[in-house]
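Peer 1: The lines below spell out each chain.
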Amino acid sequence: MKNVRTLLCASAVALCAGAAVAQDGIDDATRAPYYASLEGKTVAFIPQAMGFDLTEGWAAGMRGALEPLGIKFEIRDPNWSTDAGAQAITSLISEKPDVIVVHNPDVQSYARLLKKAEDAGIHVVQVNMRSSYSSDAFVGVDYVGMGEKVANRLVEVCSPKNGGNGKIAIVQGILTAAASAYQMKGINNVLSQHPEMQVVANQAADWDATKAKNIAATVLQQNPDLCAFAGFWDVMDVGTGAAIKESGKDVYLLTQGGGNEAACAGLANGTYSEVISWDVPGQARDISSMITQLLQLGTQAGTTKTSLFSPLTSLTKDTVKPSSCWSLN
Amino acid sequence: MLTFGRLSQEQIVFGLAVLLCLGFAVALPGFMTTANILNLVRSVSILGILGVAMGLVVIGRGIDLSLVALMAVSVAWTLNLIASGTSLPQALAIGLAFSLFVGAANGWLVAYVEIPAIFATLAMATLVYGFGQYFLYDLNVVYLPDNARYLLWLGQGNLLGVPVPIVLFAAVCFGGYLFLRYSRSGRYLRAVGDNLAAARTTGVPTRPIIMLQYVLSALIGFVAGIVTAASVASMNTRIAMSTYVYDVILVVVLGGIGLSGGKGGIRNIVVGTLLIGVLLNGMTIMDIQYTIQNVIKGVILLAAIVIDTVVNPRDEQTAQHGDI
Chain A
1 MKNVRTLLCA SAVALCAGAA VAQDGIDDAT RAPYYASLEG KTVAFIPQAM
51 GFDLTEGWAA GMRGALEPLG IKFEIRDPNW STDAGAQAIT SLISEKPDVI
101 VVHNPDVQSY ARLLKKAEDA GIHVVQVNMR SSYSSDAFVG VDYVGMGEKV
151 ANRLVEVCSP KNGGNGKIAI VQGILTAAAS AYQMKGINNV LSQHPEMQVV
201 ANQAADWDAT KAKNIAATVL QQNPDLCAFA GFWDVMDVGT GAAIKESGKD
251 VYLLTQGGGN EAACAGLANG TYSEVISWDV PGQARDISSM ITQLLQLGTQ
301 AGTTKTSLFS PLTSLTKDTV KPSSCWSLN
Chain B
1 MLTFGRLSQE QIVFGLAVLL CLGFAVALPG FMTTANILNL VRSVSILGIL
51 GVAMGLVVIG RGIDLSLVAL MAVSVAWTLN LIASGTSLPQ ALAIGLAFSL
101 FVGAANGWLV AYVEIPAIFA TLAMATLVYG FGQYFLYDLN VVYLPDNARY
151 LLWLGQGNLL GVPVPIVLFA AVCFGGYLFL RYSRSGRYLR AVGDNLAAAR
201 TTGVPTRPII MLQYVLSALI GFVAGIVTAA SVASMNTRIA MSTYVYDVIL
251 VVVLGGIGLS GGKGGIRNIV VGTLLIGVLL NGMTIMDIQY TIQNVIKGVI
301 LLAAIVIDTV VNPRDEQTAQ HGDI
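Line by line, the protein sequences are chains A and B.
Mind the numbering: the first sequence is residues 1 to 329 in the working numbering, read in order.
Mind the numbering: the second sequence is residues 1 to 324 in the working numbering, read in order.
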C-alpha cells in the first residue's frame, strides 16, 4: 500500500514537471541567428526616380518588410538623372551598406559600378530592369518572355487566321531601357514566325502619355483599319487609349504595368483592352526575401547569381477583380 | 535699305513648311486629307498655346523657363484637389491662383529685384517642381478623376467638327494678337522689349509691364496645362524637368521672334508651330525611327537658321546688346 502511494506521488510530481515544461514552450533554435543576422544591417534603394507607382510600391513593400527586422532602409532618389544615380552608387560604395537595391535606367550605365560595389563586398539586387552586369540577384520581369507573350496575344487577337487583318502598331518607351530593348527581341522572336502579321508602326514615346497620344493619333489616321496597339507601359498608354477613343475606332490596346489601381480603372472605363501585370507588391516581397536570404547566408558578394522572374497576370475587363490591383495607401 | 527679294525668317520658315507639305502630299498618300491636317494641327496645338505664352515674354525681351514646370505643377495640383473632393470650379480657381501667384513672383524677381530673367525663371522652375512634388501631390503622374469628366471635352471634344484644342489654340492666338495690336499694355510690352531705357524715359511703366508678361505667361500656361490634362486624362509632371520648354522656345525663335526682344508677333508663332507639326506628322507616318527623327528635326531647324543668317546678315543696326 505504501509503495502504491509513493508511486502515485511520484507520478503526480512527474506530471506536474512535464506540464511546467509544456507551459514554457519550446524555443525555436533558428530565431536568434535569424534576427542576429538582420539586426542593424543597412539596405539602400536607388530607383530611377521616386514618385511613380512602381518605385513607390517597391519602396513601401521593402520598408514594411525590412524595418520591423531592425534593418535600416534608405532611399537615394536620382530623379531620372543617370548621372545622379551613378554618383549615388559611387558614394554608397564608400559608405558600405550591406545591400544595394538598384533600378537600372538602361542596360549599360551602371554595369561597371555594380561590379565595383560587389567587389567592395556589397550585395547588389537589381529590380525589374536588368543591367548587362549580372549581380547577386535580379528580381523582375523577364522582358524577352514578356515580348513573346505580348506578340502571341497580338497574333491571337489579330491574325488573319483568327479573323483579323494582322495590322499592329507598337508604342515603346525609351529605346535604351531594358524594358524596351529586351521586349522588342521577344516580339521579333514570335513575329518572325508569323509573316501574316504586319507591324505598320513602331515608335518610341519616352514613357510620356502626350507623345504616345500624338503618335497613336497619326498612326490611326494613316491606318484606319489597324487591329491592335501594343504599348510598353500603362501610365504612358493612357495617351494611346485617348487617341483610340477619339478616333472612335475599335482597336485592341494591349499594355502592361505594375498592376496599380489606375490600371484596373483603365480597364473598367475602356482605355485599355488588356493589361499584363507584374504585380509590384509581389515583387517587393521577392526583393525583401532575396535580401534576407543574402544576409543570412553571409556569402561573399557577387558569388551567387539568382534570377527571380515575376509571374505575369493578364487582366481584361472580364477577368479583373477588386483584388487584381493594388493601391499605395 | 530695302533689298529686293530679302525674305524674313518667318517667310523662310513658312516656305519650308509649305515645301515639306507639298513633298509629303506627293509622297505620302493620306497626308493631304482634312482628317490628317486636323490631326496634325491638334497634335501641336498645346505646343502652340505655350508658344504664345513664351512669345509674349520674349517680345518683351524676357524668357520664361518656368513655363512648363509651372503648368505641370499647377494643373497636377488642381487634379489632385478634384480627386480629394474639392469642387471642379473651386479647384480650377485655386490652381489658377497658384499659377498667377508664381507668375507674379517671377515678374517681381525680374522687374524689381532685377535678376536676369533666364536665372530667375530657371530657379523658379526647379523650386516649383520640388515644391509641388513635396507638398501638393505624391505621384509624378496625376490622373484626371472621374468627377472632372467635363474637362475631357476641352482635350478630346469637337466643336463643329474641329477638335477643341485647335479652337483653343486659335482663340489664344487671336487674344494674343488683339492684346499686342490694340491694347495699350500690349504696345508698351513691345516698346519695353525693343528698348527698355527709351520706354522708361518716355513714361512707360516698365516694371509693371514686365510683371504683366510673366503673369500672362502663367495664365496661358495654365490653359495649356488644362488642355494637356484633358487630352490624355492625366498630367505627367515629369515634363517639368524635360526639354519640352526648349521645344517651346524653338517654336518661338524658329518663327522669327528674336530673343533680343521687340520683334515679331503671333503670326510667327503660328508659322513656327506649323513647321514642327508638319515635320512630326510626316515622320510618324513614314514610321521613321525615333533617333533618326531627332537628327532630321535638328538638320531642318539648323537649315532654317542658316538660311536666315545668309539672307538677313547681322549688322550693327539690327543687332542689339544682349542678342543671343
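For the record, the hints were derived by calculation from the structure and aren't laboratory data.
Glycine residues also receive a C-beta, built at the ideal position from the N, C-alpha and C atoms.
Worth double-checking, as some hints may not be accurate.
[As the list claims (entries may be wrong)] If we take Cβ atoms under 10 Å as the criterion, some of the chain B residues that face chain A in the derived model are: (1) Ser-8; (2) Gln-11; (3) Thr-33; (4) Val-44; (5) Gln-90; (6) Gln-133; (7) Arg-207; (8) Asn-281; (9) Thr-291.
Peer 1: When the nearest CB of chain A is found for Gln-133 (chain B), is that gap smaller than 10 Å?
Peer 2: Hint on Gln-133 (chain B): holds, closest Cβ of chain A at ~6 Å, below 10 Å.
Peer 1: Taking the least C-beta to C-beta distance, is Asn-281 (chain B) closer than 10 Å to chain A?
Peer 2: Given a least distance of 6 Å, the restraint on Asn-281 (chain B) holds.
Peer 1: With 10 Å as the cut and Cβ atoms as the points, is Val-44 (chain B) at the interface with chain A?
Peer 2: This interface hint holds because 8 Å falls under the 10 Å limit.
Peer 1: Holds or violated: is the Cβ of Arg-207 (chain B) closer than 10 Å to a Cβ in chain A?
Peer 2: For Arg-207 (chain B), the interface hint is violated, since the closest Cβ of chain A sits about 35 Å away, which is over 10 Å.
Peer 1: Mind checking the CB of Thr-33 (chain B) against every CB in chain A and telling me if the closest is under 10 Å?
Peer 2: holds (8 Å)
Peer 1: Checking hints one by one. Is Gln-11 (chain B) an interface residue toward chain A, by the C-beta closer than 10 Å rule?
Peer 2: violated (27 Å)
Peer 1: When the nearest CB of chain A is found for Thr-291 (chain B), is that gap smaller than 10 Å?
Peer 2: holds (7 Å)
Peer 1: Ser-8 (chain B) was flagged as interface toward chain A. Is the shortest Cβ-Cβ separation under 10 Å?
Peer 2: violated (29 Å)
Peer 1: Would the hint on Gln-90 (chain B) stand, with a C-beta cut-off of 10 Å toward chain A?
Peer 2: Violated, because the Cβ-Cβ distance from Gln-90 (chain B) to chain A comes to roughly 24 Å (cut-off 10 Å).
Checked against the numbered hints given earlier, the structure breaks hints 1, 2, 5, 7 and satisfies all the rest.
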